[in-house]
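**Q** Once you have looked at the hints, place chain B on chain A.
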Amino acid sequence: MSRHAKTLEQQYGIPTVGIAAANIVGYATGYDFLYTNGCPIRYAALPFPVAGQPQSVLKQYIEGKDPVSGKPVMLVVVDALTKPLTDGEKIKGPPPEAIPEPRLLPPDTEERLQHLFKDKGWTDYYPVVLPTEEKVAGMLEGTSHYPDEVVKTVNWPGGARPLTVEKAAVCAVMSGAKPEYFPVILALATTVPFGNSTTSMANMILVNGPVRRELGMNFGGNALGPYNEANAVIGRTLTLMSKTAGGLRNRETTWSSLGSNLQYNNLCFAENEEELPDGWDPLHVQMGFKPTDNVVTVGTGWSAISSVGSVQHEYPAQMLMRDYMKSLSALGSSATILMDPTVADLLKNAHGFQTKTSLAQWLSQNVKKTVSSYWGNAVVASISEALAMQGLEPYKTWKQLPADAVIKPFNNPQGIRVVVVGGKSQSTWFATDFRMGRGVLIDDWK
Amino acid sequence: MKKIFPLVCCLIVLVSFWAVTYTVALSGQKMPESRPVEMITVLNPAVANRMADRSPLAPRPDTLDGKTIYMIAVNWGGPQAALNVFEEMQSWFERNMPGVQTVVRLKKGGYDVDDPDLWKEISERKAAGAILGVSG
Chain A
1 MSRHAKTLEQ QYGIPTVGIA AANIVGYATG YDFLYTNGCP IRYAALPFPV AGQPQSVLKQ
61 YIEGKDPVSG KPVMLVVVDA LTKPLTDGEK IKGPPPEAIP EPRLLPPDTE ERLQHLFKDK
121 GWTDYYPVVL PTEEKVAGML EGTSHYPDEV VKTVNWPGGA RPLTVEKAAV CAVMSGAKPE
181 YFPVILALAT TVPFGNSTTS MANMILVNGP VRRELGMNFG GNALGPYNEA NAVIGRTLTL
241 MSKTAGGLRN RETTWSSLGS NLQYNNLCFA ENEEELPDGW DPLHVQMGFK PTDNVVTVGT
301 GWSAISSVGS VQHEYPAQML MRDYMKSLSA LGSSATILMD PTVADLLKNA HGFQTKTSLA
361 QWLSQNVKKT VSSYWGNAVV ASISEALAMQ GLEPYKTWKQ LPADAVIKPF NNPQGIRVVV
421 VGGKSQSTWF ATDFRMGRGV LIDDWK
Chain B
447 MKKIFPLVCC LIVLVSFWAV TYTVALSGQK MPESRPVEMI TVLNPAVANR MADRSPLAPR
507 PDTLDGKTIY MIAVNWGGPQ AALNVFEEMQ SWFERNMPGV QTVVRLKKGG YDVDDPDLWK
567 EISERKAAGA ILGVSG
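Heads up: the protein sequence lines correspond to chains A and B, in order. Counted the way the working numbering counts, the first sequence spans residues 1 to 446. Counted the way the working numbering counts, the second sequence spans residues 447 to 582.
Watch out, some of these pointers could steer you wrong.
Only some residues are given here: those of chain A computed to face chain B with a beta carbon under 8 Å [said to hold, decoys possible]:
no., residue
1, T7
2, P15
3, G30
4, L34
5, C39
6, L46
7, Q55
8, S200
9, P210
10, V285
11, M287
The hints are simulated quantities; they were obtained by calculation from the structure and are not laboratory data. We put the CB at the ideal spot given by N, CA and C, even for glycine.
Pulled out of the complex, with its shape left as it was, chain A reads as follows (with noise of 0.2 Å):
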């Protein structure tokens, strides 16, 4: 929103005022001004939460007093659109030169330096190995990139930070990585930050191709459990990125109301490749990579809906898929099933899927949900309302028909993913609501 405000303020020369919940207020005119938008947009705040209130409550709020100036909300709005400027808000030009970040801190004792790096913000609050000149040497031995290259410049959730390698490699060592993860981990740092919302989300990393097997990763039974180091480290350094160069602090860059435990690890694991049946890709291949390529993918969702119980052959997986995935928000049409190969060579041998393509196909045209059980989604109702509104289809049919009209949500099976993982000791499956973003070639990184 300031952004707007600032094109308004900015280029059209039209006084601004920001109406915001008073947890949005604080950001804004904090972190966002400082480092994203630089203009001191003015806001009033209501109370939290606005979206889903009754009027009779949004009337006590217009009414009532603003919760971080303590004045009445519409005195702050026509002041805010009336007062003479300060100095301070007539400030123009680039802003302070950043304040440089020494490459070596000052010489402390090794408990004195873990606590150090607690309060900084820069662990998961778990210990960490300490980055020494000669542990992060060694770390940049697993890669043919020099130390000073920029990886990424990272400005979510505002600023630059330049994410060099050396800094992914002072991190790949605080998580107790090992110099042949360095790679995956170069490859996983072109997407830092991790999912960063007041809606909770997390992310899913997945690793594909022959370094899954070089490096030790799990792929098979417990896959998503805490039992593979490769798993578990190269999962953790994606977070400690994203809390180095990522920049984010709880209450100040990042407002996730409950937050999620998948961030520790972010769900790092690979596919179970050799146990794919005959036809079904590798998730790299079905985006257009070579079998042999080394990818990461992240995927960015909130939930996972297990089958808890093994499949039956009066109501077999797909039918179960289809009815717990009406519970998904179907944002965008994104879902990524992980799957058992048990569940993979049922649903290929015994219910004639030949390809991932063709369940993807049979849940889209097979999960369908109330038009209000769709729009009753808020971020759906955000970004597909807005759609609807710019008379995209089908959101713009769906916005029109009556509530209790019945839909398919997940009307793009392209964006129905579908993984197979684990151990073959059970025929379980999740059906989550993941969106999985472009592969990373990891063999770019070596």
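**A** Then chain B, alone, in the frame of chain A:
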């Protein structure tokens, strides 16, 4: 005898401990020193951040009386959240500042999508101000 035996054992241990301590003290021997604390140097994980370029606010009018202000729903949490708030704001202006004309508009696209046509309309109508909302 069974009751006395533990007491005798304890006494022997205490006397032995005293004797050893006394002997060491008499001989002037020093107790072992604690090892020096090892200082280590590590790389700094922090990455320098750059602030945004500063830009000023637009000059403010003395009054809104007789002027038009726009209320723009930005589509955060769905458009209805803001429209409901603006309904109450319009009502407030009618009751308390009837000289202010209010116009409600829904910005196109999601909350982060630009809408130059709307900004242009606001500018061409010579609006005295804009209220953007609602986030949260």
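**Q** For each hint, tell me whether it holds in the structure or not.
**A** Against the structure, the hints come out as follows:
no.	hint	result
1	T7	6 Å, holds
2	P15	4 Å, holds
3	G30	12 Å, violated
4	L34	5 Å, holds
5	C39	5 Å, holds
6	L46	7 Å, holds
7	Q55	6 Å, holds
8	S200	15 Å, violated
9	P210	31 Å, violated
10	V285	32 Å, violated
11	M287	26 Å, violated
Hint compliance for this structure: hints 3, 8, 9, 10, 11 are broken, all remaining hints hold.
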